[in-house]
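> Protein chains in written order, with my numbering: chain V, 1 to 278; chain B, 1 to 278.
A portion of the hints provided could be inaccurate.
Here are the computed lysine to aspartate or glutamate pairs in the EDC-like style, where the Cα-Cα straight-line distance is at most 20 Å [unchecked claim]:
hint : chain 1 : residue 1 : chain 2 : residue 2
1    : V       : Lys179    : B       : Asp171
2    : V       : Lys134    : B       : Asp257
3    : V       : Lys134    : B       : Glu165
4    : B       : Lys238    : B       : Glu76
5    : B       : Lys179    : B       : Asp169
6    : B       : Lys134    : V       : Asp257
7    : B       : Lys179    : V       : Asp170
8    : V       : Lys238    : V       : Glu76
9    : V       : Lys96     : V       : Asp228
10   : B       : Lys31     : B       : Asp264
11   : B       : Lys261    : B       : Asp271
12   : B       : Lys238    : B       : Asp14
13   : V       : Lys179    : B       : Glu165
14   : B       : Lys261    : B       : Asp171
15   : V       : Lys179    : B       : Asp170
16   : B       : Lys179    : B       : Asp189
17   : B       : Lys134    : V       : Glu165
18   : V       : Lys150    : V       : Asp170
19   : B       : Lys179    : V       : Glu165
20   : B       : Lys179    : V       : Asp171
21   : V       : Lys243    : V       : Glu210
22   : B       : Lys113    : B       : Asp14
23   : B       : Lys179    : V       : Asp228
24   : V       : Lys179    : B       : Asp189
Please keep in mind that the hints were generated in silico from the structure rather than gathered at the bench.
2 protein chains.
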Amino acid sequence: MPENIKNISNSDTDRPIGVFDSGIGGLTVLKALQHHFPHESFIYIGDTARLPYGTKSPATVARYAESLTTEILRHEVKAVVVACNTASTHGLHAVKNLASPLPVIGMIDPAAKAAIAASRSKHIGVMATSGTIKSNAYQTALLQHNQNCKLSSVACQILVALAEEGWADDDIARATLHKYLDPIFHQADAPDTLILGCTHFPVFIPLIQEMLGHSVTLINSGEAASHDLLDVLETNTKSTQGKTAFFVTDDPHRFADNAAKFYDDRISADDVTLIDIR
Amino acid sequence: MPENIKNISNSDTDRPIGVFDSGIGGLTVLKALQHHFPHESFIYIGDTARLPYGTKSPATVARYAESLTTEILRHEVKAVVVACNTASTHGLHAVKNLASPLPVIGMIDPAAKAAIAASRSKHIGVMATSGTIKSNAYQTALLQHNQNCKLSSVACQILVALAEEGWADDDIARATLHKYLDPIFHQADAPDTLILGCTHFPVFIPLIQEMLGHSVTLINSGEAASHDLLDVLETNTKSTQGKTAFFVTDDPHRFADNAAKFYDDRISADDVTLIDIR
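Isolated chain V, as found in the complex:
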């Protein structure tokens, strides 16, 4: 058992894993976590009344992340996954302070480590929201793991709206992806690895992979975070399937309707609880 969780008793393993996001994109992370932790239960909170975080200031995003952490800790979770790149960028420190000694996994560091491991050339691309790009969060994390790596990054704000509209595989999505990615990948020494630095972006994986070809490795934050969580968490050994409870700060029906774009299973609005967080 790893040193950092030796004080968690057996009964603690039954606790759910807490996952929060600015809204709905974090469902791609939840999907990856459920795949890797099939016997775990999850609490998912989407801050749909205040989304999106990607265009907001560091101080505002940190304040939102703190309020969501306070809420998620009420559910006696055994770990917290910050399933939003922007909240991970600006709020992870605050979340860790509040949730200590529970393990806290953000989106940035796991994806940076996975990209370093996957890349042969150590030239890595990052596509993310403008907030994440402006923060240089990926650059900082990548250089921490490998001082020789090179980063090409692009803020792809429109993709969030396209993903939420369900326009993930049409000509407009294709033209938008070209406009954002061509300047990076049409250079002589192009990246061989691309971090999808926003939880909305996995819906574009088929189109991006078709555009870039299979010589470019795509890094999905949810997958990378799952691998990091496997390293630090004592998992539930019961063979029963875990349960997931959904909480949102705005209309549960809208959340349930839109969830299908990011999540394979159908979510009924009856299974989504409206909560008030300010």
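Given chain V, work out where chain B should sit, using these hints.
Relative to chain V, chain B alone:
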């Protein structure tokens, strides 16, 4: 002097006009107001920490509109303009209650009246955010003014993101506008008038007018609201130019940087005050 403002004294005419929006799109309304009221001063509040409103529930939007009204009344304004279609749809009643007896102008009714006046066929198109479209606010307002008018409406969520990204006149904007508007305008009996039912959309006027031709009249909410305000407000008779003070709930620098997409004059971040509204 109209009956409803006879109790406003001369000194009251020096008071500013309050304008609020979910963020930055309301600057197109402010621009129209400043054109029609060159001697008036304005207070503009953009709720940039909680934008956008277009995808949020009626109850949440009404709560946000109330908090902004409370804030704007602190500035002793002589009228309130709700420069956001979604806030007008869900929050106008609450704003009027709070601001009474001051005149309150929303975006829906002025645009509906202007469209009825402009349309020969009385078949009117509306493009707006999904929140405004789902509410049937324009349908209700149009039928109130003319029971025989016909409405074709479309939710154009992506356009908000395109406008904020500054992609208002490229091939992606054109393809997106075609995808939204072609089903309405490629019918035998197409509308002859189109309401731009979101304050972000005036940035697309050149492209829309080019696509639809000049036989379709475009209704700009800011222009329509200015005409309604002229009817109810005793204006400042001083010949000096009015001043405008800007307040936002998130990063003033980001607001100032993005303002240029929606507003002709340059706004310096030093002229924008950060306020906390919850």
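> For every hint, state whether the structure bears it out.
These are the hints, each one checked on the structure:
Between V:Lys179 and B:Asp171 the CA atoms are separated by roughly 10 Å; this keeps the pair inside 20 Å, and the hint holds. For the suggested pair V:Lys134 and B:Asp257, the alpha carbons sit about 14 Å apart, so the restraint of at most 20 Å is met. The straight-line distance between the Cα atoms of V:Lys134 and B:Glu165 is roughly 15 Å, inside the 20 Å bound, and the hint therefore holds. With a CA separation close to 19 Å, the supplied pair B:Lys238 and B:Glu76 stays within the 20 Å bound.
At most 20 Å may separate the alpha-carbon atoms for a hinted pair to count; B:Lys179 and B:Asp169 meet this at roughly 15 Å. This hinted pair checks out: B:Lys134 and V:Asp257 have alpha carbons roughly 14 Å apart, not beyond 20 Å. At roughly 11 Å between alpha-carbon atoms, B:Lys179 and V:Asp170 fall within 20 Å of each other, so this suggested pair holds. Straight-line distance between C-alpha atoms of V:Lys238 and V:Glu76 comes to about 19 Å, which keeps the hinted pair within the 20 Å bound.
A hinted pair counts as satisfied when its Cα atoms are at most 20 Å apart, and V:Lys96 with V:Asp228 qualifies at roughly 15 Å. Pair hint B:Lys31 plus B:Asp264 holds up; C-alpha atoms about 8 Å apart against a cutoff of 20 Å. Under the criterion of a C-alpha separation no larger than 20 Å, the hint pairing B:Lys261 with B:Asp271 is consistent with the structure, at around 17 Å. Under the criterion of a C-alpha separation no larger than 20 Å, the hint pairing B:Lys238 with B:Asp14 is consistent with the structure, at around 9 Å.
For the suggested pair V:Lys179 and B:Glu165, the alpha carbons sit about 12 Å apart, so the restraint of at most 20 Å is met. Taking the CA atoms of B:Lys261 and B:Asp171, the gap is about 18 Å. The hint holds against a cut of 20 Å. Note on V:Lys179 and B:Asp170: the hinted pairing holds, with a Cα-Cα distance of about 11 Å set against a maximum of 20 Å. With a C-alpha separation of about 18 Å, the suggested pair B:Lys179 and B:Asp189 falls inside the 20 Å cut-off, and the hint holds.
Between B:Lys134 and V:Glu165 the CA atoms are separated by roughly 15 Å; this keeps the pair inside 20 Å, and the hint holds. For the suggested pair V:Lys150 and V:Asp170, the alpha carbons sit about 32 Å apart, so the restraint of at most 20 Å is broken. Taking the CA atoms of B:Lys179 and V:Glu165, the gap is about 12 Å. The hint holds against a cut of 20 Å. About 10 Å separates the Cα atoms of B:Lys179 and V:Asp171, which keeps this hinted pair within 20 Å; it holds.
Straight-line distance between C-alpha atoms of V:Lys243 and V:Glu210 comes to about 35 Å, which puts the hinted pair past the 20 Å bound. Taking the CA atoms of B:Lys113 and B:Asp14, the gap is about 29 Å. The hint is violated against a cut of 20 Å. Between B:Lys179 and V:Asp228, the direct Cα distance comes to roughly 42 Å. Violation of the 20 Å bound is thereby established for this hinted pair. Among the hinted pairs, V:Lys179 with B:Asp189 is inconsistent with the structure: their alpha-carbon atoms are about 36 Å apart, more than 20 Å.
The structure does not agree with the numbered hints 18, 21, 22, 23 and 24 stated previously, though it agrees with the rest.
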